[in-house]
Amino acid sequence: MKKVLFASTALVMMTAGVASAEVALSGDGRMGIVYDGNDAQFSSRIRARFTMTGESDAGLSFGGTFRVDQENYSSNSFRSAARGTAGAVWISGTYGKLSMGDTVSASEAAVGDLYDIGYTEGSFAGDYEEISYLTGDGENLNQGPNILYEYSYNNFKFYASASDGSDNLVCGVGAVTGSDAVCNVPGDDDKSDTAWSLAAAYDAGNYNVGLGYARHGDAKEIVLGGEATFNQFSVKAVIADYKDRGWAPGYDFDKTYGISAKYAANALTVKANWRRDEVNSLIAGVDDESFDSYGIGADYDLGGGATVAGGISKSDYIDDTVADFGIKFKF
Amino acid sequence: MKKVLFASTALVMMTAGVASAEVALSGDGRMGIVYDGNDAQFSSRIRARFTMTGESDAGLSFGGTFRVDQENYSSNSFRSAARGTAGAVWISGTYGKLSMGDTVSASEAAVGDLYDIGYTEGSFAGDYEEISYLTGDGENLNQGPNILYEYSYNNFKFYASASDGSDNLVCGVGAVTGSDAVCNVPGDDDKSDTAWSLAAAYDAGNYNVGLGYARHGDAKEIVLGGEATFNQFSVKAVIADYKDRGWAPGYDFDKTYGISAKYAANALTVKANWRRDEVNSLIAGVDDESFDSYGIGADYDLGGGATVAGGISKSDYIDDTVADFGIKFKF
Amino acid sequence: MKKVLFASTALVMMTAGVASAEVALSGDGRMGIVYDGNDAQFSSRIRARFTMTGESDAGLSFGGTFRVDQENYSSNSFRSAARGTAGAVWISGTYGKLSMGDTVSASEAAVGDLYDIGYTEGSFAGDYEEISYLTGDGENLNQGPNILYEYSYNNFKFYASASDGSDNLVCGVGAVTGSDAVCNVPGDDDKSDTAWSLAAAYDAGNYNVGLGYARHGDAKEIVLGGEATFNQFSVKAVIADYKDRGWAPGYDFDKTYGISAKYAANALTVKANWRRDEVNSLIAGVDDESFDSYGIGADYDLGGGATVAGGISKSDYIDDTVADFGIKFKF
Chain A
1 MKKVLFASTA
11 LVMMTAGVAS
21 AEVALSGDGR
31 MGIVYDGNDA
41 QFSSRIRARF
51 TMTGESDAGL
61 SFGGTFRVDQ
71 ENYSSNSFRS
81 AARGTAGAVW
91 ISGTYGKLSM
101 GDTVSASEAA
111 VGDLYDIGYT
121 EGSFAGDYEE
131 ISYLTGDGEN
141 LNQGPNILYE
151 YSYNNFKFYA
161 SASDGSDNLV
171 CGVGAVTGSD
181 AVCNVPGDDD
191 KSDTAWSLAA
201 AYDAGNYNVG
211 LGYARHGDAK
221 EIVLGGEATF
231 NQFSVKAVIA
241 DYKDRGWAPG
251 YDFDKTYGIS
261 AKYAANALTV
271 KANWRRDEVN
281 SLIAGVDDES
291 FDSYGIGADY
301 DLGGGATVAG
311 GISKSDYIDD
321 TVADFGIKFK
331 F
Chain B
1 MKKVLFASTA
11 LVMMTAGVAS
21 AEVALSGDGR
31 MGIVYDGNDA
41 QFSSRIRARF
51 TMTGESDAGL
61 SFGGTFRVDQ
71 ENYSSNSFRS
81 AARGTAGAVW
91 ISGTYGKLSM
101 GDTVSASEAA
111 VGDLYDIGYT
121 EGSFAGDYEE
131 ISYLTGDGEN
141 LNQGPNILYE
151 YSYNNFKFYA
161 SASDGSDNLV
171 CGVGAVTGSD
181 AVCNVPGDDD
191 KSDTAWSLAA
201 AYDAGNYNVG
211 LGYARHGDAK
221 EIVLGGEATF
231 NQFSVKAVIA
241 DYKDRGWAPG
251 YDFDKTYGIS
261 AKYAANALTV
271 KANWRRDEVN
281 SLIAGVDDES
291 FDSYGIGADY
301 DLGGGATVAG
311 GISKSDYIDD
321 TVADFGIKFK
331 F
Chain C
1 MKKVLFASTA
11 LVMMTAGVAS
21 AEVALSGDGR
31 MGIVYDGNDA
41 QFSSRIRARF
51 TMTGESDAGL
61 SFGGTFRVDQ
71 ENYSSNSFRS
81 AARGTAGAVW
91 ISGTYGKLSM
101 GDTVSASEAA
111 VGDLYDIGYT
121 EGSFAGDYEE
131 ISYLTGDGEN
141 LNQGPNILYE
151 YSYNNFKFYA
161 SASDGSDNLV
171 CGVGAVTGSD
181 AVCNVPGDDD
191 KSDTAWSLAA
201 AYDAGNYNVG
211 LGYARHGDAK
221 EIVLGGEATF
231 NQFSVKAVIA
241 DYKDRGWAPG
251 YDFDKTYGIS
261 AKYAANALTV
271 KANWRRDEVN
281 SLIAGVDDES
291 FDSYGIGADY
301 DLGGGATVAG
311 GISKSDYIDD
321 TVADFGIKFK
331 F
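Residue numbers (our numbering), protein chains in the order written: chain A, 1 to 331; chain B, 1 to 331; chain C, 1 to 331.
Read the hints as simulated data drawn from the structure, not as lab findings. It is possible that part of the hints are untrue.
Where chains are identical, the list cannot tell them apart; a pair therefore holds if satisfied intra-copy or between any two copies.
Below, computed lysine to aspartate or glutamate pairings styled on DMTMM-like, alpha-carbon distance capped at 25 Å [what the hints assert, rightly or not]:
{"no.": "1", "residue 1": "LYS243", "residue 2": "GLU55"}
{"no.": "2", "residue 1": "LYS314", "residue 2": "ASP167"}
{"no.": "3", "residue 1": "LYS97", "residue 2": "ASP57"}
{"no.": "4", "residue 1": "LYS262", "residue 2": "ASP193"}
{"no.": "5", "residue 1": "LYS243", "residue 2": "ASP301"}
{"no.": "6", "residue 1": "LYS97", "residue 2": "ASP301"}
{"no.": "7", "residue 1": "LYS157", "residue 2": "ASP57"}
{"no.": "8", "residue 1": "LYS262", "residue 2": "ASP57"}
{"no.": "9", "residue 1": "LYS243", "residue 2": "ASP316"}
{"no.": "10", "residue 1": "LYS157", "residue 2": "GLU278"}
{"no.": "11", "residue 1": "LYS330", "residue 2": "GLU289"}
{"no.": "12", "residue 1": "LYS157", "residue 2": "ASP244"}
{"no.": "13", "residue 1": "LYS262", "residue 2": "ASP288"}
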């Protein structure tokens, strides 16, 4: 008695003039092996995503999305799409698009990350291809939902993002963001520093650049990234400069820079990436430090949503050579 | 590779004579701002609901429903649709409808709550529009699922509800309500007092009244409610009288009464509500107390499932004026 | 604004040559009463399952499945389909089928369990119809995903299964099996003993037999099972012999054997089962012990996915007669 839902071919059977709100269901999975430098381990997952969309009578588009595993509210996880700390909702029109929830920052929206490698898309090596953005994307969850505004003008895109500067996890009226909020004892909530970001990007088709700025209290971030494509070859580089951003005790996180490249030939894509983090010592007589991470990998598209992929990485954080290999699915 | 599921127009393409069991998927979301008396905070959410229905060969209807965020079983939350403490299942026929799970009580089914206001449908102000019913609707979760029976006779509806009088959270055979019950050590479970309720309602079209009675151990509840509609204007009032019902130490929860009204003009609905709680002091020389909560709000229907809404409330519980404003979605 | 998904009639409306990846949604529910030897308790549940399938251009089948309630990652539950410890993914072709995730062991795949009885399908009596397999099916979760390989040759089926022999719950690179792994501090993970199993089964249509062997460190398991069908009557028996397998302190789990039978007449199926566990004392002067569990039940199919069922059981573990009765749904 299975309910079969179709399908990529978009069988749009709606009558003209009828409300178009709908819920789409998609999924992804993977199975393979991760070698962590000491031994090989099985690694698999299966996930489902809801994507909801609608349109008002006046043509305002709206929607929301989350995965089942993002609805995970408990004493040790405040990630919950039903409480604004996972997934996101949005409205969109001629004035741009406004999203709220677990959104990325303006910086991240404009610049993004390096190319990921491997079957686990980088997580086998600690996801070093993901630039460490100061705000958004899970960084300011204690302040509840973040907002991200996006506006396009010709080849330019402009971005602005912010948290609300108020701590949601303490008890107080502000804590009531869902029907099952942990705290609903009346009282004041704590103030936090608003985490915000401004960014812009320019897309010329065969190349694009992005520049972002973010602040959270005294901590600052400037991020610059660029990507270029020459036939089957693409390259992307990112540089991030931080100020007053914490690290381990006695150190400040100063800089990240990295570059990644990929070459696509029919079903095969070969990818490589490299990143360096520089941390400054705050203690006289203690040296600054830097950490390198790099890797190479390949994807082979089997068609129908299946891709075989593998990668090998070395990272000063792990101090080991790690690798993964497996098959990824899109449903 | 998105799976698009349609749609409000109910494209029922089933062949006659084929088993009709089906799973429907719907959702809701919202994004906006809550002012908690001290500062404004972002507030958003996105949720998905499964609604399953079927019919036996002899015409017995059956079904069940739950949201993804209601499946939330952990050491600090026993709410789980897979264990009967969230969502509900039902069977329905000429004899009436019987539901089991996280059902409302007979009182609540017959009388219900005051009109909610605001973008967050009352939660920005502590959901004071929701009458505090003695049983059901999450009140007796330690006893596992509740039942609710509903029967219609002409304009009358009759309701009966109950918990099972046995504590589910202790270890014991009774604890095994799902395949992952926390406790499955053989042994006896603890007895609790059955929480039960009886109620009736009469619906004359332009007005309706409901009366409910509930008990849980020594605690008692009598609730009376009525609603009337005059053209575009509706009013609803509820009075609840409690006996031996706990409150803060040294007090008993004695009474709740409230009234709410709404006026609908095309896409706009304006709403207001007021509620008073009276608590009796159990200590000589200490005064009884009462708590007032009231607010006003408006909804504007944008069509297609989107509604702009906002509200402002004042409550003795919060001791602050709070407000919310945002846009709500139905998918 | 409900999205209606259909349906059992399989409205396959895909265009030839289009990628066939899809997500199917199904569900199950139940409502009834469990008598635990002391008192009767309400028991209900509602669950939803995702089943995803696809096919590569070269004809490799792949897929995955999990229920919403299996995505339950928290400080006290590591069961998560998004992290490989619940649900499963698979690939399948002429070479056989390979599954990864919370799979059953080879032994369990070849031999299986006794017939379950009752409305709760055995859980009212502690699921004694489920043979206690040494590996797989939730036994080795601390090692993350398990694998199961299945291959058919004429009437024979061959099975092999294994865990990866590496503890996933400690911090270390190996712990990174999902994007939200609890530990991602670089470091070594702990070694465990690989839990593995080999098994074969023969199916002659009206009867089938299965034989399995499993090891986890010093612990061993040999399991033999057989099932035969004579017209409306079926019988299934299982015997499991363990070596060096723990039990309560001072005892070893030595043997399980059991038999079950069912008789189907139109919509009615009557079932009975019996199982004995033998545990050996490791202390001189203390006797060995054995535990009997048995029960009888019946299912009545109402059509359309609804079944009325009930059972009664007695078990030395519970030391009480327990019973259940209710209605089960498939959507």
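- Item | Unsatisfied constraints (hint numbers, rising) | 1, 4, 5, 7, 10, 11, 12, 13
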